[in-house]
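**Student:** Now for the letters of each chain:
2 protein chains.
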Amino acid sequence: METILKSAKKTVVISPDNPTRIIGERINPTGKKRLAASLLEGSLEIVEKEALEQIEAGADILDVNVGAASVDEVDMLPKAVKLVMETVDVPICIDSADPNALRAALEMHREMAPEGKPLINSVNGEEERLELILPLVAEYKAAVIGLAMDDDGIPDTAEKRFAVAKKIVDRAGALGIPPEDIVIDCLALTVGADSKAGLITLGAIDMVRSELGVNMTLGASNVSFGLPEREVINWAFLAMAIQLGLNAPIVDAAKVREAILAADLLLGRDDYSMRYIKAYKKRIKK
Amino acid sequence: METILKSAKKTVVISPDNPTRIIGERINPTGKKRLAASLLEGSLEIVEKEALEQIEAGADILDVNVGAASVDEVDMLPKAVKLVMETVDVPICIDSADPNALRAALEMHREMAPEGKPLINSVNGEEERLELILPLVAEYKAAVIGLAMDDDGIPDTAEKRFAVAKKIVDRAGALGIPPEDIVIDCLALTVGADSKAGLITLGAIDMVRSELGVNMTLGASNVSFGLPEREVINWAFLAMAIQLGLNAPIVDAAKVREAILAADLLLGRDDYSMRYIKAYKKRIKK
Numbered sequence: 255m256e257t258i259l260k261s262a263k264k265t266v267v268i269s270p271d272n273p274t275r276i277i278g279e280r281i282n283p284t285g286k287k288r289l290a291a292s293l294l295e296g297s298l299e300i301v302e303k304e305a306l307e308q309i310e311a312g313a314d315i316l317d318v319n320v321g322a323a324s325v326d327e328v329d330m331l332p333k334a335v336k337l338v339m340e341t342v343d344v345p346i347c348i349d350s351a352d353p354n355a356l357r358a359a360l361e362m363h364r365e366m367a368p369e370g371k372p373l374i375n376s377v378n379g380e381e382e383r384l385e386l387i388l389p390l391v392a393e394y395k396a397a398v399i400g401l402a403m404d405d406d407g408i409p410d411t412a413e414k415r416f417a418v419a420k421k422i423v424d425r426a427g428a429l430g431i432p433p434e435d436i437v438i439d440c441l442a443l444t445v446g447a448d449s450k451a452g453l454i455t456l457g458a459i460d461m462v463r464s465e466l467g468v469n470m471t472l473g474a475s476n477v478s479f480g481l482p483e484r485e486v487i488n489w490a491f492l493a494m495a496i497q498l499g500l501n502a503p504i505v506d507a508a509k510v511r512e513a514i515l516a517a518d519l520l521l522g523r524d525d526y527s528m529r530y531i532k533a534y535k536k537r538i539k540k
Numbered sequence: 255m256e257t258i259l260k261s262a263k264k265t266v267v268i269s270p271d272n273p274t275r276i277i278g279e280r281i282n283p284t285g286k287k288r289l290a291a292s293l294l295e296g297s298l299e300i301v302e303k304e305a306l307e308q309i310e311a312g313a314d315i316l317d318v319n320v321g322a323a324s325v326d327e328v329d330m331l332p333k334a335v336k337l338v339m340e341t342v343d344v345p346i347c348i349d350s351a352d353p354n355a356l357r358a359a360l361e362m363h364r365e366m367a368p369e370g371k372p373l374i375n376s377v378n379g380e381e382e383r384l385e386l387i388l389p390l391v392a393e394y395k396a397a398v399i400g401l402a403m404d405d406d407g408i409p410d411t412a413e414k415r416f417a418v419a420k421k422i423v424d425r426a427g428a429l430g431i432p433p434e435d436i437v438i439d440c441l442a443l444t445v446g447a448d449s450k451a452g453l454i455t456l457g458a459i460d461m462v463r464s465e466l467g468v469n470m471t472l473g474a475s476n477v478s479f480g481l482p483e484r485e486v487i488n489w490a491f492l493a494m495a496i497q498l499g500l501n502a503p504i505v506d507a508a509k510v511r512e513a514i515l516a517a518d519l520l521l522g523r524d525d526y527s528m529r530y531i532k533a534y535k536k537r538i539k540k
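Chains as they are written, first to last, in the working numbering: chain V, 255 to 540; chain H, 255 to 540.
To be clear, the hints were calculated from the coordinates, so they are not data collected in a lab.
Take the hints with a grain of salt, since some may be wrong.
You can't tell identical chains apart in this list, so a pair holds if it fits in one copy or across any two.
Quick list of in silico lysine to any residue cross-link-like pairs, SDA-like style, CA-CA up to 25 Å [claimed, not checked]:
no.	residue 1	residue 2
1	K450	Y534
2	K509	F479
3	K509	E485
4	K395	V267
5	K421	E256
6	K260	E382
7	K420	D352
8	K264	A311
9	K535	N476
10	K539	E485
11	K450	G312
12	K535	L443
13	K450	M255
14	K421	L498
15	K450	Y526
16	K535	L481
All values reported here derive from a predicted model rather than from experimental measurement.
This is chain V alone, in the form it adopts within the complex (with noise of 0.2 Å):
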């Protein structure tokens, strides 16, 4: 199944013969103050960095994403998609709880790449989300990332959080939106606080790939949270995930292209060890 994105001038196919495409996640105010307060002053400064220094480290996807408390994001999100666009090439990733800035987001990118298609982050199984997400999905003929929780909060076990994501991908076909429109998160929790948090994530992460077949993100450094050395926590997850059917995580590339592309090399999808030597030549050349 592939997941076709473009911008106005690259087109990035996620599927599971591609190597795994990385979604950069540095455009997002969470947890950084600087990015937050620049944002407040109505600044995009930090963002064009944060756009050119991901591509460098390998991002093929941005996320962008401007919520933070009292930015506007309907006025903001589609500024930060246009300059992102402006800066680098890639396909973006529109990312925030607010449909009216996803809407205005939208039409900014429609804009900016009339034949383009950019990935929504995100629906959810809750009712109300699947109301007002997938419409504008629908409308905008975009992606979307759907996150495998609903109502009832992010489920325990990996058969309801398969049984979510079967959900969203049957509510989007049922307005016509195809399941390789659709890139489910099984969503990462931190093995801190539950041992077990790792396994449930895995078995859905496996369950997504067996049954429905789709391709997957995952925010998967959230897995070490409170940890420390959480780099070797992150690399080891991505490898097994990736391994069960991964194929887009949404990640720091600067941090973790490396173990990404020492995955993709030992699951046979980096002929003659192109990609990982080149990315190592490049690094030892700084």
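Got chain V sorted already, so can you dock chain H onto it with the hints?
**Tutor:** Structure of chain H alone, referenced to chain V:
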């Protein structure tokens, strides 16, 4: 299925329900000039040092190999086994291509630990090896590593490696050696030479786990031979292989224990992250 290994004082159980057990690989002169030279002079000083350092680094079992050009293994292997057993208390993996050296070392092990149970490294699917090694395993009530290769070399598909593993388990069974005393090594070759090498090993591990259910070892670091930043590849490979059923890799504990602990943590085998955090605290103390 439980593989139970015993030294005089310590029992280590390899099983899918337990944390991954590390077989320390460093007492082996292959590629280690200083160790090879000292063995040739009859000195076991480095062997003692390596034994202590590997236990400090978290090895659960120690491989003991003295095979280098011109070294009399029948003389030196029992001496090395004796010294390691006097120095540390973990179970021993007796490693030699020479059946006479294995027998001499097994005699020494029996003397040092009459109730002990070592692991023998190794038998494979070659007729000659099966006929030479399996009777030793039965006679000394040891466990044995079975390499997934035979008279035709290392098979180039997962299915054929699995078939060799099954043959070893069957032939052992005919001599009264139960499957829990066989630890299969699906063999890692470098992805630097063949981009499908990782997939073949991982596929074989998956089949051995699901169809034979026996425990597994793996000389995992071979997978990255000839490539830069080998640790990144080795860590990802270990995480993937452990997820599929590898549970007693033969590795350099100092280099990969962190990644193995992370894999166990993610697979729900480390309640309250205690092993991961304890190892971290020990590292930062240094």
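**Student:** Against each hint, give a clear statement of whether it holds in the structure.
**Tutor:** Cross-check of the supplied hints:
Proximity of K450 and Y534 under a CA criterion of 25 Å is satisfied inter-copy only: 20 Å between copies versus 34 Å inside one chain copy. Taking identical chains as interchangeable, the C-alpha atoms of K509 and F479 lie at most 25 Å apart whether they share a chain (15 Å) or sit on different chains (24 Å). When the C-alpha separation of K509 and E485 is checked against a cutoff of 25 Å, the pair qualifies both within a copy, at 8 Å, and between copies, at 15 Å. Taking identical chains as interchangeable, the C-alpha atoms of K395 and V267 lie at most 25 Å apart only when both belong to the same chain, with a minimum of 16 Å there against 56 Å between chains.
Proximity of K421 to E256 under the C-alpha cut-off of 25 Å is restricted to the intra-copy arrangement: shortest distance 20 Å within a copy versus 41 Å between copies. Taking CA atoms no more than 25 Å apart as the test, K260 paired with E382 passes in neither setting, with 28 Å inside one copy and 60 Å between copies. In the homo-oligomer, the alpha carbons of K420 and D352 lie at most 25 Å apart inside one protomer (24 Å), although the nearest pairing across protomers, at 57 Å, exceeds that limit. When the C-alpha separation of K264 and A311 is checked against a cutoff of 25 Å, the pair qualifies only within one copy, where the shortest distance is 17 Å, while the shortest distance between copies is 48 Å.
Taking CA atoms no more than 25 Å apart as the test, K535 paired with N476 passes between copies only; the shortest distance there is 22 Å, against 30 Å inside one copy. Taking the shortest Cα distances, K539 and E485 sit within 25 Å of each other both inside one copy (23 Å) and across copies (20 Å). In this assembly of identical chains, K450 and G312 lie within 25 Å of each other by CA distance solely across copies; the values are 24 Å between and 31 Å within a copy. Taking the shortest alpha-carbon separations for K535 and L443, only the inter-copy value of 23 Å comes in at or below 25 Å, while the best intra-copy value is 34 Å.
When the C-alpha separation of K450 and M255 is checked against a cutoff of 25 Å, the pair qualifies only between copies, where the shortest distance is 22 Å, while the shortest distance within a copy is 30 Å. With identical chains, the CA atoms of K421 and L498 are at most 25 Å apart within one copy only, with a shortest distance of 21 Å there and 29 Å across copies. In this assembly of identical chains, the alpha carbons of K450 and Y526 lie at most 25 Å apart only when taken from different copies (10 Å versus 37 Å within one copy). Taking CA atoms no more than 25 Å apart as the test, K535 paired with L481 passes between copies only; the shortest distance there is 12 Å, against 31 Å inside one copy.
Against the hints set out earlier in the document, a violation occurs for number 6 only.
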